[in-house]
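With these hints in hand, go ahead and build the complete structure from the sequences.
For the sequence shown, the numbering used here assigns the number 0 to the initial residue and increments by one for each residue that follows.
Calculated from the structure, these hints are not laboratory results.
Ideal placement from N, C-alpha and C gives every residue a C-beta, glycine not left out.
A few of these clues could be false.
What the hints assert, rightly or not - Estimated spans, in silico, between C-beta atoms of each pair:
# : residue 1 : residue 2 : range
1 : Glu2      : Asp150    : 46 to 56 Å
2 : Asn123    : Val82     : 21 to 31 Å
3 : Gln294    : Asp73     : 46 to 56 Å
4 : Asp73     : Ser119    : 15 to 25 Å
5 : Thr20     : Leu42     : 14 to 24 Å
6 : Met112    : Arg29     : 29 to 39 Å
Stated by the list, open to error - Keeping only pairs whose Cα atoms sit at most 35 Å apart, straight-line, the calculated DSBU-like set for lysine-lysine is:
#  : residue 1 : residue 2
7  : Lys104    : Lys121
8  : Lys332    : Lys298
9  : Lys126    : Lys159
10 : Lys11     : Lys79
11 : Lys133    : Lys90
12 : Lys121    : Lys89
13 : Lys79     : Lys129
14 : Lys311    : Lys298
15 : Lys126    : Lys177
16 : Lys126    : Lys97
17 : Lys104    : Lys126
18 : Lys159    : Lys58
19 : Lys126    : Lys11
20 : Lys344    : Lys291
21 : Lys52     : Lys87
22 : Lys126    : Lys58
23 : Lys129    : Lys52
24 : Lys344    : Lys323
25 : Lys4      : Lys87
26 : Lys133    : Lys104
27 : Lys87     : Lys11
28 : Lys160    : Lys177
29 : Lys11     : Lys97
30 : Lys11     : Lys133
31 : Lys89     : Lys159
32 : Lys159    : Lys177
33 : Lys129    : Lys11
34 : Lys90     : Lys121
35 : Lys17     : Lys4
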Amino acid sequence: MEEYKNLISFIKEVERLKNVTRTAWTSEGRQESVAEHSWRLSLFAMVLEDYFKDIDFNKVLRMSLVHDLGEAYDGDISAKVVVDVQEKLKKEEQGIMKLTEALPKVLQQELIMLWQEYNSGKTNEAKLVKAIDKIETIIQHNQGDNPADFDYHFNLEYGKKLSDFHPIIQTIRELVDKETIHKIDEKNVLKSDFNNNKIDSNNLQHNQHLLLSIISDIGIDETMKMISRFYPEQFKKEMISNEIQELQNRVTSIEGWIKDQNQLGKSPMNLYEIRGESGFKEFELWNQVLAKIQQNISKPSFDTWFAGTSAKYIDEDTIMVYSKNEFQSEWLKDRYKEEIFFAVKEVAGLTYDLEFSVSKNNLKK
0 MEEYKNLISF IKEVERLKNV TRTAWTSEGR QESVAEHSWR LSLFAMVLED
50 YFKDIDFNKV LRMSLVHDLG EAYDGDISAK VVVDVQEKLK KEEQGIMKLT
100 EALPKVLQQE LIMLWQEYNS GKTNEAKLVK AIDKIETIIQ HNQGDNPADF
150 DYHFNLEYGK KLSDFHPIIQ TIRELVDKET IHKIDEKNVL KSDFNNNKID
200 SNNLQHNQHL LLSIISDIGI DETMKMISRF YPEQFKKEMI SNEIQELQNR
250 VTSIEGWIKD QNQLGKSPMN LYEIRGESGF KEFELWNQVL AKIQQNISKP
300 SFDTWFAGTS AKYIDEDTIM VYSKNEFQSE WLKDRYKEEI FFAVKEVAGL
350 TYDLEFSVSK NNLKK
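So, in structure tokens, the structure goes:
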């Protein structure tokens, strides 16, 4: 009974590793724990088993689970921090001995020997775990919602030589390094635009064409994350949430417009190609008009009376507003004509006569 109690004591004590954070961030922007890293490292090892028939994967999995137990008391130290390696290992060994002291002596010694084998890096099992330990860390760095000053370049050389012991690990490392290079390129694109004052930090809508170009390269989610990170003092998420939502809605609308055009038999398009497309000028204008109107009326009213509408230039002085049906068209004409008139004037910088009609095919043109 006493031995069982000691096992429970060990499990309780090892909970510390759920609270010890690493210098890596999750995709949701919080720092990961040592326990989370060890868990995914173990899964990483498990899915590699069929590729390494000459390696003891029982040992590999156990080693993956215990390799960071020594960080339970003094925490994780970033690889970028220059430390006395021997002193660090000494502290970690003391930590793992303290953490496992409630266990039966044979089991405690087994865990300590696994930890020592890992750190010596001489057996094939230790070489594999060490190599994928670094790769898992880099994968997390590439997935993470990281701080603005995160150094992706460091990852390109981090533990790279450890992958040399086997061609399969070398290939996996090369694939992950390509992802790192892509993250560096993404960061440089947006950083360059900020530094060259191409993006106005106070008005995202003023830069929609540039932002759409970046979105076309890396996608809306990555663009929004990067905007929110680069200048935290200027781009607080709560401060730009409305602008981000407008841009997200705008991209969704543009994607819908592309789909409609493709259904008409046009060749597939992307955000770059549609700018010179016939009808896109009206589409752009109307979506900006809708964004203005949406700020001034309730969501239920907007969804009821403006959903599915589109616009087209009739001549240089007149814009036709198309609706889904006669009832919607008449309602816009009677109740919202003035609202639409001033929104068009604000967006286009010109005044236009407005006419109202029903769309023949209910497509945005």
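| Violated constraints from the hint list, given by number and in increasing order | none
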